[in-house]
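Number of protein chains: 2
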Amino acid sequence: MSDLKQHISSAFDRDLESIQAQIMKMGGLVEAAILDAAKSLETRDTELAEKVRAGDKVIDALEESLNDEAARVIALRAPAAMDLRVVLSVMRMSANLERIGDLAKNLAKRTSVLVELPQIGGTATSLRRMARDVELMLKDALDAYIQRDEKLALDVIQRDLDIDQMYNTLFREFLTFMLEDPRNITTCMHLHFIAKNIERMGDHVTSISEQVVFLVTGEKPDETRTKADRTSIDPALSTDFPVDEG
Amino acid sequence: MSDLKQHISSAFDRDLESIQAQIMKMGGLVEAAILDAAKSLETRDTELAEKVRAGDKVIDALEESLNDEAARVIALRAPAAMDLRVVLSVMRMSANLERIGDLAKNLAKRTSVLVELPQIGGTATSLRRMARDVELMLKDALDAYIQRDEKLALDVIQRDLDIDQMYNTLFREFLTFMLEDPRNITTCMHLHFIAKNIERMGDHVTSISEQVVFLVTGEKPDETRTKADRTSIDPALSTDFPVDEG
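As you go down the protein sequences, you meet chains A and B in turn.
Just so we're aligned: 2 in UniProt numbering is position 2 of the first sequence, and the numbers increase by one with no gaps anywhere.
Just so we're aligned: 108 in UniProt numbering is position 108 of the second sequence, and the numbers increase by one with no gaps anywhere.
Next comes chain A alone, as it looks inside the complex:
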């Protein structure tokens, strides 16, 4: 019986390894999509943007196969509580990764629209820097998962506040450009959406990091993390946008 148990357990471990390899592969593709999408925006490279859009199908397919595999493992191995928690958290993480991939695709979609419009200041460069920071957060979140490193995961969650702050700053910039010259409005609306999309990527990375903390400690990280959103405190500051959640 104990031999059988050990046999089952190591089969589960092999399955889990395969699932973890898949999630790291997916994570790598999503990281590349973030960087490429932001680069395509700054360099006005529609070919690269098209590559990101096409590549999203691969990410979606990986999520699907990962979910099938996870469901298969649950059905076949009937994992114990802690192991089940790992498999379920992988499913949630893959959903977050898939959504970040979608957001990168949306960013790339707007690139093909924006190349037809005039450029505005150094905003594309600021957006690329913001995207780069989110990509580094994602890299660390995935490392934190593999290493079961609660401290690193908490650090990533903290860094998302900087992303929110970057978003607020960019929003004010866009508003200034629009007020300065109405011909900037259409471009700024697109750029604003891109900033918002990158901010949302940060939220998904935060959610992945929260899964890591939950996995390691069995508890959710403090839910009352301060949102760098001042509009909900003082509505008069309405040039700041409420930072959306979810």
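Check before you lean on any hint, since a few could be wrong.
All copies of an identical chain are treated as equivalent in the list; a pair is satisfied when it fits inside any one copy or across any two copies.
Unchecked claim - Lysine-lysine pairs mimicking DSS-like chemistry, simulated, CA-CA at most 25 Å apart:
1) Lys57 x Lys196
2) Lys57 x Lys220
3) Lys151 x Lys196
4) Lys151 x Lys51
5) Lys39 x Lys220
6) Lys39 x Lys151
7) Lys57 x Lys25
8) Lys57 x Lys39
9) Lys151 x Lys220
10) Lys51 x Lys139
Keep in mind that the hints were calculated from the coordinates and are not lab data.
Start from chain A and add chain B according to the hints.
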């Protein structure tokens, strides 16, 4: 053995019923949140907006308990493939519902900002109508789930195209108001975000409906559903916004 099997099976059915009751309760709360948030915007009712914001905590708590319950059922009953599919789809649906709840909360958040700003035309009324349509879609998606009604679920997916179209129309309206008078810019940026949030609610309802189709048929609905998004076809139409996915 067959008695034992039957015993296990009916215990599973009871568990599933309890989970389904929870998801319907959650769905009801989310429907109310959509309607109340949109009403608070149109009637500039900050008290109602505050109620929506506070109520989101209940929705979040329901999602959490639903996930715990689903994980418990999987661990305890080791459901067979088809039953497992039902439980996993409920977990995904609850994630969609939770996100719609977040979007309603975000809408309500902006209400408290917008009451400080001048009203613009009948846009709040249009937004409320759009929200009402999404709420009806959600109602039907949940009915489709309970009845395992593939046809109704496909109908809901189809209706999301109208929501995308409403969003495109509103976007053009906001742009006109902004070009007309730069003092409208801040208000229109907020209203535009609300329109986008409602459009995203529609996407989540679509995703719930797709889960229903998958449950009934074992296959995903045709993935190439036409997005009512013309910008990706003709970038010159850049007053239309690319309809984001995900």
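Results of checking the hints against the structure:
no., hint, result
1, Lys57 x Lys196, "both (23 Å within a copy, 24 Å between copies)"
2, Lys57 x Lys220, "between (32 Å within a copy, 15 Å between copies)"
3, Lys151 x Lys196, "neither (27 Å within a copy, 36 Å between copies)"
4, Lys151 x Lys51, "neither (35 Å within a copy, 36 Å between copies)"
5, Lys39 x Lys220, "neither (35 Å within a copy, 33 Å between copies)"
6, Lys39 x Lys151, "neither (31 Å within a copy, 43 Å between copies)"
7, Lys57 x Lys25, "within (14 Å within a copy, 35 Å between copies)"
8, Lys57 x Lys39, "within (20 Å within a copy, 38 Å between copies)"
9, Lys151 x Lys220, "within (13 Å within a copy, 39 Å between copies)"
10, Lys51 x Lys139, "within (21 Å within a copy, 38 Å between copies)"
Against the hints set out earlier in the document, violations occur for numbers 3, 4, 5, 6.
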